[in-house]
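Asks: Spelled out, the chains give:
Protein chains: 2
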Amino acid sequence: MGRWEPNATDRLVVAALELFETNGYENTTVIGIAERAGLTKSTFFRHFQDKREVLFGRSSLADVLAEGIAKAPADAEPLEAVACALELLAQDVFTPERRDFIARRQAVVATHPELREREALKGLGLIAAMTGALERRGLPALTARVTAELGALALELAYTRWGSASRDFTEVAREALDEVRSAAPAR
Amino acid sequence: MGRWEPNATDRLVVAALELFETNGYENTTVIGIAERAGLTKSTFFRHFQDKREVLFGRSSLADVLAEGIAKAPADAEPLEAVACALELLAQDVFTPERRDFIARRQAVVATHPELREREALKGLGLIAAMTGALERRGLPALTARVTAELGALALELAYTRWGSASRDFTEVAREALDEVRSAAPAR
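Quick mapping for you: the protein sequence lines, in order, are chains A and B.
Each residue of the first sequence is one higher than the last, beginning at 1 in the UniProt record's numbering.
Each residue of the second sequence is one higher than the last, beginning at 1 in the UniProt record's numbering.
Hints are computed from structural coordinates only; laboratory data are not their basis.
Any given hint might turn out to be false.
Pairs involving identical chains hold if they fit within one copy or between any two copies, as the list cannot separate such chains.
Below are the SDA-like pairs computed for lysine to any residue, each with C-alpha atoms no more than 20 Å apart in a straight line [as the list claims (entries may be wrong)]: (1) K122 to A110; (2) K41 to E97; (3) K71 to E18; (4) K51 to E114; (5) K122 to E156; (6) K51 to E135; (7) K71 to R161; (8) K71 to A128; (9) K41 to E18; (10) K122 to G38.
In this text the structure is predicted, and so the values were computed from the model without any measurement.
Bound-form chain A, shown alone:
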């Protein structure tokens, strides 16, 4: 067992991001990341499964989204419950201080198919988490799923736009949710 390393996770994430930016994802090794962070390879593997996971393992968006949906007022419409979840995300994860970091992370993820693939799979995990949380509010399974799909699409739009905007995530997210709602087919 290694000794306790203060902020090891943060240091590893920042080191990885810098190396991916400078040398490319392909040319970066786990040892290189650990060294840059002043840590050992085994410390790396106590925090992350592999090189790819270092950009994905950190924040549990799925848990925050599920919590936000659960906490929405009992009489909130399905998409309104999703809006509450996106607000909680703005408070807990997508804070103004993190915007630059997130924009850099986005740019790196876009550079490599393996990273884009992992991002896509994480997106499916978010849909599953939101679907579950909406079902626990008593919604029929299919309504929950459709709402979660639309919510995930709004989240994706907001996430992309927020990285290059200078507005609060809540505002960008609300706008995206309205757009997605208007784009949905008439019943």
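For this one, chain A is given, so just place chain B on it according to the hints.
Replies: Using the frame of chain A, we list chain B on its own:
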């Protein structure tokens, strides 16, 4: 270069499916699949990239869906264009003769995380293909994307139900599309 092997693709797919069913995905090797099909390992790799791809590389659902959307009447509503695509799928791919095979394939895919992951990624490819085809009909990008997401959800439902039903895919798909439409939020 190997000699021409009649129906090599089909033989490999059937052999793989049988071995996955009998011995499990994990315990099946490419050599084992090739041998069971009466072919060589190098013939296998001329047809498929890896063991996983053998259940996914065959039919190009994305192309059929895009074609069906392109061929829909010019005045068709967005989701109606998707319905046309699902009909073409019923004619070209999900034919009654293939139902048993598809049901077995579904059961095997469900057994292993690697296969479920590949299936999920293929699903995202279908959404992208439908989004593109809908945009080429002149729809705004977001309307195209939302419609494609709903269409993919209907396809997923229909695909799952059809495997265990004794009805035409067109009928199951149309029903699923109606359900998804009703589950979409009011604007």
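Asks: If the cutoff is 20 Å on CA atoms, where do K122 and G38 land: within, between, both or neither? Let me know, please.
Replies: neither (29 Å within a copy, 40 Å between copies)
Asks: At most 20 Å between C-alpha atoms: does K122 with E156 qualify within a copy, between copies, both, or neither?
Replies: Both ways: K122 and E156 sit 12 Å apart in one copy and 19 Å across, limit 20 Å.
Asks: Is it within, between, both or neither when you check K71 against R161 at 20 Å Cα-Cα?
Replies: neither (26 Å within a copy, 34 Å between copies)
Asks: My question is about K41 and E18: at a cut-off of 20 Å on alpha-carbon distance, are they close within one copy, between copies, both, or neither?
Replies: within (17 Å within a copy, 42 Å between copies)
Asks: Please sort K51 with E114 into within, between, both or neither, judging by C-alpha distance up to 20 Å.
Replies: So K51 and E114 pass the 20 Å test inside a copy (11 Å) and across (19 Å) alike.
Asks: How do K41 and E97 come out at 20 Å by Cα distance, when the copy is not named: within, between, both, or neither?
Replies: neither (29 Å within a copy, 54 Å between copies)
Asks: Have a look at K51 and E135 and pick one of within, between, both or neither, based on CA distance no larger than 20 Å.
Replies: Classified as neither; 35 Å inside a copy, 36 Å across copies.
Asks: If the cut is 20 Å between Cα atoms, do K71 and E18 qualify within a copy, between copies, both or neither?
Replies: neither (37 Å within a copy, 48 Å between copies)
Asks: Checking K122 and A110: alpha-carbon separation at most 20 Å within a copy, between copies, both or neither?
Replies: Close inside one copy (14 Å) and across copies (19 Å); limit 20 Å.
Asks: Pop the pair K71 and A128 into one bin, within, between, both or neither, using alpha-carbon distances up to 20 Å.
Replies: Close inside one copy (18 Å), not across copies (33 Å); limit 20 Å.
Hints 2, 3, 6, 7 and 10 from the list above are not met by this structure, while the remaining hints are.
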